[in-house]
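One-letter residues, chain by chain:
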Amino acid sequence: MASGSDRSAGFGGIPQIVEILNSQGYIADRELATSVHLSIVLNKPLLIEGEAGVGKTEVAKVMARALDTELIRLQCYEGLDVHTALYEWNYQRQMLRIKLEEMSDRPVEEKEHEIFSEPFLLKRPLLQAITADHSPVLLIDEVDRADEEFEAFLLEVLSDFQVSIPEIGTIRARHVPYVVLTSNRTRELSDALRRRCLYLWIDYPPFEKELTIVHTKVPQINDRLANQICAFMQLIRAVPLSKVPGVAETLDWSAALFALHRDHLDPQAIEETLGCLCKDQEDLVRVRTQYMGPILDTVNGMGASDGWTSERIASLAAQLPKGR
Amino acid sequence: MAGPPNESRPWPPNSPRAADAGRTPRAGRRVRPGNLPANVTLFARRLRRRGLRVGPSEIGDALRALTAVDVSDREEVRLALRTVFASSLGELPVFDEEFARFWNEPIVSDAPAQSEPEEGEDPEGEPSPGAEERTEMSVADWSGEEAAPDEEQSVPAYSPAELRARKDFSAFSADDLDAISELILLIARRIATRLSRRMRSAKRGTLVDLRRTMRRSLQFGGDPVQLLWRRRKIRKAKLVLLCDVSGSMDIYSRFLVQFIYALQDAVGRVESFLFSTSLTRVTDALDQRDIRRALAEASRQVPDWSGGTKIGASLRTFNEIWGRRLLDPRTIVVICSDGWDTGDLEILVDAMRDLRARAGKVIWLNPLLGSPGYEPVTQGMSAALPFVDVFASAHNINSLRELERHLRGPRRNRPPRLDVGAGGRLGGQRR
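Line by line, the protein sequences give chains A and B. Numbering of the first sequence is given in numbering that gives the first Met the number 0, commencing with residue 0 and proceeding in unit increments. Numbering of the second sequence is given in numbering that gives the first Met the number 0, commencing with residue 0 and proceeding in unit increments.
No lab work stands behind these hints: they were computed from the structure. Think of the CB as a built atom: it goes at the ideal place given N, C-alpha and C, for glycine as much as any other residue. Any given hint could turn out to be false.
[To be verified] Label-pair distances were calculated between CB atoms; the ranges are: (1) ARG215/B with PRO14/A: 56 to 64 Å; (2) PRO205/A with ARG323/B: 22 to 30 Å; (3) LEU226/B with ARG236/A: 50 to 58 Å; (4) LEU88/B with GLU155/A: 21 to 29 Å; (5) THR66/B with GLU69/A: 24 to 32 Å; (6) LEU283/A with ARG215/B: 48 to 56 Å.
[What the hints assert, rightly or not] Here are some chain B residues the structure puts well away from chain A; computed CB gaps all over 10 Å: (7) SER56; (8) VAL83; (9) GLU96; (10) LEU227; (11) GLY246; (12) SER277; (13) GLU296; (14) THR341; (15) TYR373; (16) SER381.
[As the list claims (entries may be wrong)] Output of the computed footprint for chain B on chain A, the stretches with three or more beta carbons under 8 Å from beta carbons of chain B: (17) 25–36; (18) 107–119; (19) 179–193.
Generate coordinates for the entire structure from the input sequences, incorporating the hints supplied.
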């Protein structure tokens with residue numbers, strides 16, 4: 000493999016990654032730091048899976064900052080094809096050039112050769128990543144949304160870091176990018192792709208970690224409210240909803256409650272801000288009519304500041320109503 | 000599980016004198032690899048036996064990874080190896096279990112003897128089926144193998160078959176059932192060929208192929224005189240089959256499963272579930288060469304085959320556990336049931352709404368639709384109908400044949416459509 004470690008040479012290992020992640024406001028655990036570290040050192044793509052809203056994409060951004068390099072992002076969607084991911088010809092420019100050359104006596108082959116050369120090439124994310132001057136971080140986001148065919152193509156690019164463009168020839172990466180792939184598991188990825196990558200699963204954070212995140216991102220919030228919010232979130236993830244709220248929702252909600260000058264959770268406060276939590280009409284109704292009461296009772300029943308641990312909350316969550 | 004004394008490796012893994020030292024110093028020093036490669040290889044083999052896809056390249060990565068972390072720190076080694084060896088959420092617990100077992104923290108007395116990995120491994124052989132066997136099973140392509148190419152043309156003109164084609168499945172005697180199965184396979188195979196042929200020959204593009212148009216335009220001095228087209232690739236639909244096997248539905252479900260499986264090559268991936276009071280996934284059980292034997296096996300797996308019915312609860316279970324992974328706009332969901340739900344109707348309505356929102360098309364096959372005078376008045380059926388794209392029967396061979404046109408792709412127009420084909424009363428007689 001070509002030298003991809005130009006940036007990782009002075010890299011300080013796991014403790015430094017934890018430090019950088021923390022300084023960027025990202026509360027990292029050791030597992031995440033180890034995976035990021037190994038992905039850099041071994042120069043293997045890192046596949047991150049987890050529910051929506053747990054900060055998978057964030058990892059790549061932080062990684063780019065840690066390596067002080069560029070972040071190139073390829074957002075996948077159904078129907079994503081090679082033209083959008085790799086390269087496309089700049090047709091307007093080609094057309095213009097053809098017009099300008101109309102009167103010249105140059106042979107057609109020469110004209111053709113010219114308009115199919117690099118200046119007329121529009122580089123899409125994958126080609127950008129391959130031709131970059133330093134190893135960039137290439138984020139392939141939500142790879143599960145692209146179809147199998149594209150996945151196969153991706154696998155090819157990820158194994159050789161070279162692409163061939165019929166009109167130009169083969170372009171090989173001078174600096175192998177650091178690759179991060181994320182997936183929400185809406186579809187099973189192929190074994191081949193999985194084997195090509197290191198693997199990291201990011202779960203919803205436990206109570207303590209989520210509390211730290213809230214305090215870091217919404218520092219003005221008071222302890223009692225933060226405790227209540229995080230406990231509420233842990234509990235609401237235990238009931239059947241079609242869109243389980245993630246950390247992003249926790250933060251939105253915290254900010255909203257703070258903006259409304261609330262210092263504790265009560266039915267009215269929740270009622271007013273429920274839209275931050277439930278992004279689905281049916282969930283909204285379900286929470287309002289069925290779950291809000293029991294969860295709030297449970298949170299209020301937890302007493303003052305003592306004994307707010309993820310273990311206790313997990314056991315309380317088991318007692319919540321399950322049916323719809 | 001035999002537990003020979005050398006089952007657990009001393010920690011740190013590469014310190015041959017660990018035993019003499021008692022508890023090893025955990026300082027951050029990096030030690031040169033001792034028997035580490037052998038142990039990692041051995042560990043990898045164990046993982047492979049548990050079904051993880053771990054090969055030489057992963058072992059190489061693991062060894063490289065261990066040079067990049069502090070090997071005297073057990074947790075760090077665990078995380079590093081896990082990042083390399085595990086490759087999906089399901090594999091994480093397996094990894095953790097094996098890691099705890101293999102790289103056991105308590106130091107065992109015969110540490111220096113670790114250099115004979117081959118010996119240590121064999122007695123611990125797990126009784127679970129090896130990974131090799133499993134690949135072999137999944138490679139088995141029964142529909143291709145079983146194909147009897149000689150009889151293919153004879154089907155449509157075969158007149159006793161014509162008669163049989165209109166007879167309700169439940170009206171056949173037990174002796175006939177095998178013959179019916181054969182017939183269903185033949186028909187399915189013909190349909191499969193037709194489906195794939197149609198996909199290939201579709202003409203006329205929908206998108207301008209700019210790249211080729213530009214190239215061609217050079218002939219005309221750069222004016223795009225002739226537009227060249229490309230068209231979107233037609234993808235095969237995926238199928239999810241949810242079959243009611245309670246009471247009277249059993250026989251219809253059996254035939255439907257056989258039919259769909261014979262179509263497998265033409266429709267892409269098929270996932271199958273059986274339900275009565277609860278839901279069982281039988282995709283793997285059906286992944287065998289002989290569909291009839293496979294069905295027998297699947298029925299052993301289903302705890303309450305031919306018991307009562309809880310359609311709503313079963314569909315909800317499906318949505319919760321499988322919905323997100325299996326359903327997308329290209330998926331056709333086929334439900335075969337008479338709609339007799341002994342559970343809560345509200346659950347059924349919720350589950351159907353969910354299903355319809357995520358899937359590309361919902362086909363409900365109700366075999367009773369074939370019986371004269373039937374109207375979908377059971378509460379379950381009328382609750383489910385608003386969320387169904389196609390409502391049809393599956394009570395005889397002809398009705399299975401009719402299924403072909405519904406399997407061609409996801410719905411075009413979104414609003415629900417009640418299309419009762421195959422001789423049901425609602426739709427009137429077709430053809």
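Hint check:
no.	hint	in the structure
1	ARG215/B with PRO14/A: 56 to 64 Å	60 Å, holds
2	PRO205/A with ARG323/B: 22 to 30 Å	23 Å, holds
3	LEU226/B with ARG236/A: 50 to 58 Å	53 Å, holds
4	LEU88/B with GLU155/A: 21 to 29 Å	26 Å, holds
5	THR66/B with GLU69/A: 24 to 32 Å	28 Å, holds
6	LEU283/A with ARG215/B: 48 to 56 Å	55 Å, holds
7	SER56	8 Å, violated
8	VAL83	6 Å, violated
9	GLU96	16 Å, holds
10	LEU227	13 Å, holds
11	GLY246	26 Å, holds
12	SER277	15 Å, holds
13	GLU296	24 Å, holds
14	THR341	16 Å, holds
15	TYR373	30 Å, holds
16	SER381	20 Å, holds
17	25–36	holds (count 5)
18	107–119	holds (count 4)
19	179–193	holds (count 6)
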